[in-house]
Every structure is written in structure tokens, then in C-alpha cells.
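Participant: So you can see what is in the structure, the chains are spelled out below.
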Amino acid sequence: MASVSAVAIGDLFGSIGRLPLALSLAVDDVHGRYRRTVLGPLWIVLGQAAMIGGFALVFSGLFRMDPQTYLLYLAAGFPIWTLISQFLVDMPFAFIAAKGVIESYELPWLTHIWRRSFAYVLLFLHHLLIFFIAAAVLRAPFTATMLLLIPALCIALIAGAGVGMMLAALNARYRDLQPAMSVIAGFMMLLSPVLWRPEQLHVNQWIVALNPLHYYIKLLRDPLLNVAPTAELWIGTSLGAIALFGLGFLTFLLSRRRLYHWL
Amino acid sequence: MAHVSVTDVVVNYPVYTTVRQRSIFTYAAHKASFGRVAREVGHIPVVEALRGVSFELNDGDRLALIGRNGSGKTTMLKVCTGLLLPDRGRVDVEGSRAAILNPAAGLDIDKSGAENVAQIGQLLGLSKAVRKRLLDDVAEFTELGDFMNLPVRTYSSGMMVRLLFAIATSVERDVVIIDELIGAGDAHFIAKAQARVSDMFTRAKILILATHSGDIATRMCNRAIWLDSGRPIMTGTAHEVWEAYKEQRPPLEAVA
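Chains as they are written, first to last, in my numbering: chain A, 289 to 551; chain B, 2 to 257.
Just so you know, the hints here were simulated from the structure itself, not pulled from any lab data. Nothing here was measured: the structure is a model prediction, and the numbers come from that model. Don't take every hint at face value.
Stated by the list, open to error - In silico contact screen, one side only, chain A against chain B (beta carbon under 8 Å); selected entries:
#, residue
1, Glu391
2, Glu394
3, Ser526
Positions of the beta carbon are idealized from the N, C-alpha and C atoms, including for glycine.
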């Protein structure tokens, strides 16, 4: 029926008009998580620092890599992985968790997708603090190439919001999708070049080539390591992001009529 | 000008009775086996919550939905708020909407009352200046005093209702949609709440409420619909519909 499309499209544009609201809600969510702790959001940073330190210590020996280069590689890659995995593992809850707000206030439903997306990006920026501390300590150069992280993040955000719309709508209907995504995300972390480098993989190189996550990780990590992403990478990830966003919106549109029943 | 138009609305609820019906793996197995595996996935029971309801409301109309439990009143309200899209029929609402369907939803218990008011003000899209006034208004109405700065976690249920109620009734909207008002709170609050609701109702251009109270229906509304099993069995002035409902005596043409 035509009116469902009208409602869904109106929702999309309405949510884009309210992006500042989604951002301020996201800031609030990140603060809220640590409301009753003394160190506040610093806990996020400490947790991540402990992980990266531990991995750097063990894996630089295991992979016979220069500890300093490997530490930076990890400190850049880990926050990126955390960002991606949140889109896969946490986003399925977006509509279910927002049921009360959806019932009480006249807001676009997709605002909840943006709200979560922004919260993930804010956490990512917190995590990057460790990278910048490590880079400063190790005297890695800070160059303008790093600013390419901003457009890269925008592309990742659009792709993530697309995946998010899809997972949030499907998980409302099929409640075992989220646990399945946790399993898949854990598996994908090992298959993606976060702990290891693509060139270290001498057999089964298709694991990297066919892994879509690899390209988004590379897009976000390259600027941090002072490498400008190639034109192919920009174009490929942008097209991927547009396709994912379209697919995600289509899922939302097709499920919108039944979505409230499922919550 | 506010306007609500509902035409032949039909709403069916899917009812999921087993876990398997909510499993994506069972669904995949069902599809992959051309329906031979997990047959119940293909037969999800459907409840017909509304079966052809129509009405038209203009500025100044106050509609009461009357009927027994499960007759479709709340579903009708959810359709009017846009939460549910009808399976068939049309719903057009012109004007800003405010809905009080589930007063317990939408509070963050780890935040103080004042912080909740600020956040809800944001969710309602109010400007900074209006949000400030909202806080003063809510603080005054709820008489929560110092509790406004304590986490909602520490509130009694009556205090939570007071807070939510005050927020919900502070905002001016064209179309106000209210489910049965719950009578939590002490007698002093209930008296105050009633005064405030009548004030809100008179400010709203259109009011739609579901109620079991003849007093509320006839005092607050000029029109009423009696719903039974999702069908409207009587439409008329609030007074005549309530009188008929009270005696469970539908008009003759509806029986036929």
C-alpha cells in the first residue's frame, strides 16, 4: 500500500531533519552509561588500553613484528573493530529498546538508528585517545592525512546506519538474530585483519579479499597510519555504503506496518 | 485546523505463540524445505482487532471510545497516533499529536526528575526557552520539591505518575489521544489531575479518549463510539451511547 511507503519515507526525512536531536541523545547515552562511576567515560578508554597493551605484548613476539609499529596498528585497528561490531551486535536492539519512547513521543523511528550510530562513533572517538597517546609517545608523525578519517567515518556511518536499519527491523521480528550476530561478529573479528596484517596471510588470501569488513577497516585505519586510502577504496566503500543504506531502508519500509506488533 | 479522518480501518494482530515462530533459523528451515519443516511458522494466528471502523473529527470534536476489555479501543488509539498502520482503510491526521498511552514508558530511572523533564522536552522538540518553562511548570504541578533533583529510581510509583502526567499535559497539541487514565496517586493529586486534564482537553482542538467511566465520557466528550470485538456497534452523542452501553442495549439497526 502506498501509504506505508509514504510513512517510511516521511520517517527517513524526518529523522534526517532531527540529526542534532539524535546526536544530543547519543551524547547523553554515552554519559549515562558511566553516570554512577567516578572515572566516567575514562573507563571506556582504560578497558581498551588494557586490551591493546596485552595483545601488543603477546602478539608482537608471536608475529615477529616490530613492537612499536604493531602497537600503533593495533591501537588504530581495535577501536575500528569495536565500532563495526557495535553496529552488528548492539544495533539489533535499536527498536526493541526504544519501545517506550516510540509509544510516548511523536518522533521518527529512524532517530533511534541515528542515535545509536552517533553513540558508537562517540565511543570510537574516546577509544582513539589511546591511539593518539601511543602515537605521541612513540613519536609517530601527525599529518594532514589523518584528517581523511573524517570523510571515512561519514562513509562508515552511512553503511552502518543501513546495516542497522536492517538488523533492528529483522531482530524485532526474529529475536534470535541478535545472539546469532554476536557469534558472527566474534568469528568475523578473527577473519578480519585487526590483530594481524593482510600481508601476513600467505594462504587463503580470499579471506581478506572477499571480506567486506576488511575494506571498511582499511578505509578507517589507513588515515590514522598516515596512508591516504586509494581511489578504488573510496569509491568501493562509498558505493557499498549507498547500497547498504538502500537495502536497510527497504527492509525498514517493508516491515514498518508490522513493526509495532513485533516490539 | 486539526482534522482526523478514519475510513474503514482494519487491523490484524499477528500472535506469536511459540518461540519457533520468532526464530530466523526456523523460518529459514521452513522456507528451505518448502514448508515441510516447522509447519507452525506458516500459520501464525491473527487476531482481528479492528474490523472496519470509520469516523471523522474536526476542530472541537471530543470522541470517547467505549467498550469492554479487548474490544479494540487501545488499538484504535494506536492507529490514530500512527504507531500502527492499518491493514486496510485509511487514516489521515492533520495537526500535531500528543498521546498518553503508556504513562510508565519513557522515563529514565537513573536520571533525576529534572533531567528527565529536560530530555523529554528534547524528544518533544521543544525549544530551550520552552523547556525551561516546562521544568518550572512540572515542578510546580507535581509538588515534588527536592525530589526533582533525585534519581527517578528513588520515587514511589505515585510520584512517577505525577511526574509523567505533568509532563504529558504541559505540552499543547492539536490532537490529544489518551488511554484510560490511571488513578495512581493520592486524593489530592487526583483532584488536581482532573482539573488539569479538563484544562488540557479544552485547549486541545480534538480529543480522542478510551474510557470505562461514564462520568469522564459524558463530561469530557461530545461524541462516542461503542466498540465490540473490533466493530463499531453504535455511534452518536456521548450521552446516548453511554446510556445504551450501560444497559448493554445496542440500537436496533446495529443488531440487524
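Participant: Take the hints in turn and mark each one as holding or not.
Facilitator: How the hints compare with the structure:
{"no.": "1", "hint": "Glu391", "result": "holds (5 Å)"}
{"no.": "2", "hint": "Glu394", "result": "holds (5 Å)"}
{"no.": "3", "hint": "Ser526", "result": "violated (30 Å)"}
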